[in-house]
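There are 2 protein chains.
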Amino acid sequence: MVIRYPNGKIYNASPTKISESSTPVPKKKREISYSNRGKSLEDDLNETNLFYLQQNLANIHKKPVPIQIVKVDYPARSAAVIREAYFRTPSTTDYNGVWNGYYIDFEAKETESKTSFPLQNIHAHQIEHMKSVECQNGIAFFIIRFSKLGRNFALPFQIIEQFWTMMQNGSRKSIPLNVFEQQAIEMKDGYMPRLDYLQAVKKFIADKNVCESEEK
Amino acid sequence: MVIRYPNGKIYNASPTKISESSTPVPKKKREISYSNRGKSLEDDLNETNLFYLQQNLANIHKKPVPIQIVKVDYPARSAAVIREAYFRTPSTTDYNGVWNGYYIDFEAKETESKTSFPLQNIHAHQIEHMKSVECQNGIAFFIIRFSKLGRNFALPFQIIEQFWTMMQNGSRKSIPLNVFEQQAIEMKDGYMPRLDYLQAVKKFIADKNVCESEEK
Chain A
1 MVIRYPNGKI
11 YNASPTKISE
21 SSTPVPKKKR
31 EISYSNRGKS
41 LEDDLNETNL
51 FYLQQNLANI
61 HKKPVPIQIV
71 KVDYPARSAA
81 VIREAYFRTP
91 STTDYNGVWN
101 GYYIDFEAKE
111 TESKTSFPLQ
121 NIHAHQIEHM
131 KSVECQNGIA
141 FFIIRFSKLG
151 RNFALPFQII
161 EQFWTMMQNG
171 SRKSIPLNVF
181 EQQAIEMKDG
191 YMPRLDYLQA
201 VKKFIADKNV
211 CESEEK
Chain B
1 MVIRYPNGKI
11 YNASPTKISE
21 SSTPVPKKKR
31 EISYSNRGKS
41 LEDDLNETNL
51 FYLQQNLANI
61 HKKPVPIQIV
71 KVDYPARSAA
81 VIREAYFRTP
91 STTDYNGVWN
101 GYYIDFEAKE
111 TESKTSFPLQ
121 NIHAHQIEHM
131 KSVECQNGIA
141 FFIIRFSKLG
151 RNFALPFQII
161 EQFWTMMQNG
171 SRKSIPLNVF
181 EQQAIEMKDG
191 YMPRLDYLQA
201 VKKFIADKNV
211 CESEEK
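Protein chains in written order, with my numbering: chain A, 1 to 216; chain B, 1 to 216.
Since the hints were derived computationally from the structure, they do not count as laboratory data.
Any given hint might turn out to be false.
All copies of an identical chain are treated as equivalent in the list; a pair is satisfied when it fits inside any one copy or across any two copies.
What the hints assert, rightly or not - Derived DSSO-like pairs (lysine-lysine); straight-line CA-CA distance at most 27 Å: (1) K208 to K71; (2) K109 to K63; (3) K109 to K71; (4) K39 to K71; (5) K188 to K39; (6) K63 to K131; (7) K109 to K208; (8) K131 to K202; (9) K148 to K208; (10) K208 to K114; (11) K208 to K39; (12) K109 to K62.
Model the full structure from these sequences, guided by the hints.
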């Protein structure tokens, strides 16, 4: 019998299993966990994506964590067991999919900072990937949670790229909160969906269309 | 020093490593390999996608194989090692990305048959996923290689869906080669790119636009 939490998630009696979608535990010592304050951003996004999918609102998924497999055992009559494997650096962003004919591509990050988002959370290859997505007329953005403030923002890729380029030229290594307040779209936590980022996507697309018609 | 094959792929001196993108070895006994006749479809598609990316023609990637991680070791001063993990059934297709503002989503399959493509190669959840993609105005299709014939086809999702539905109603469990010859787009092997499936994508989109304008 499948037991479910009130939110519909399946209760898993085995505490040893780590979900495929879990972020790998970092190599360095962990920060103090504030997870009791609320679910992780990843959990909220997975629930939101499931809601979008079930309601036929969008088809957006988190990509599996890329793994370098070195050794696999094939016990008789059982499933193959991976015995040695390593986490790899993803070459793209974590989430992508389709909404209403638009290609959607984003990366989700949490920060403990109360004042700014550190750019060290982003890798150069993700910037390259998102540039290429924009070049193909996809919609690329970041979802950033200031976990201690309980605030969530959707920030268009262009803003991140501006700060990234400035950092390469020796400028500051983070994006201040007031840039989010002025140039990002703030998203409130909800029930269904948990984090309705499609509203931000619609706004990004509307803004793009305004830009394009102004250029003509 | 990085040593490269003439096609630009990096030579890996360690024969024990299995690439992240490799298809997991099936549990049952393997068919006789005809791999000397040519590269696998997956290799050809990965090379093609790399070519598209480098030439700014499209941004399309294979998703990592989903893994259920059970046990991870953290040796001192070394990278985390996954010590127990299992292959999971993917909930989506293997490839997705963006071309010219269009969301592209496909599954690639090889068959040893010379006469038909067995539908048992496709899972119900992949059909559901592709339905949802089409519903969101994405472009969903299959790339199918008849490896013994050396022939490659791009088949729109709608055709697969027709045969899938007929199978559910007790009809045949495979799609005959002549359906591919009549309703799919055949793709010749090339050098750069190896398998130029974007030509098929453009044809699918042109056909859709014709349908839509006829409906008006």
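Each hint tested on the structure:
1. K208 to K71: Answer is neither: 48 Å inside a copy and 46 Å across each miss the 27 Å cutoff.
2. K109 to K63: both (15 Å within a copy, 20 Å between copies)
3. K109 to K71: Between copies, since 25 Å is at most 27 Å while 32 Å is not.
4. K39 to K71: between (34 Å within a copy, 23 Å between copies)
5. K188 to K39: Result: close within a single copy only, 14 Å intra versus 50 Å inter.
6. K63 to K131: both (19 Å within a copy, 19 Å between copies)
7. K109 to K208: within (24 Å within a copy, 38 Å between copies)
8. K131 to K202: both (20 Å within a copy, 23 Å between copies)
9. K148 to K208: neither (32 Å within a copy, 49 Å between copies)
10. K208 to K114: neither (30 Å within a copy, 49 Å between copies)
11. K208 to K39: neither (32 Å within a copy, 42 Å between copies)
12. K109 to K62: both (13 Å within a copy, 23 Å between copies)
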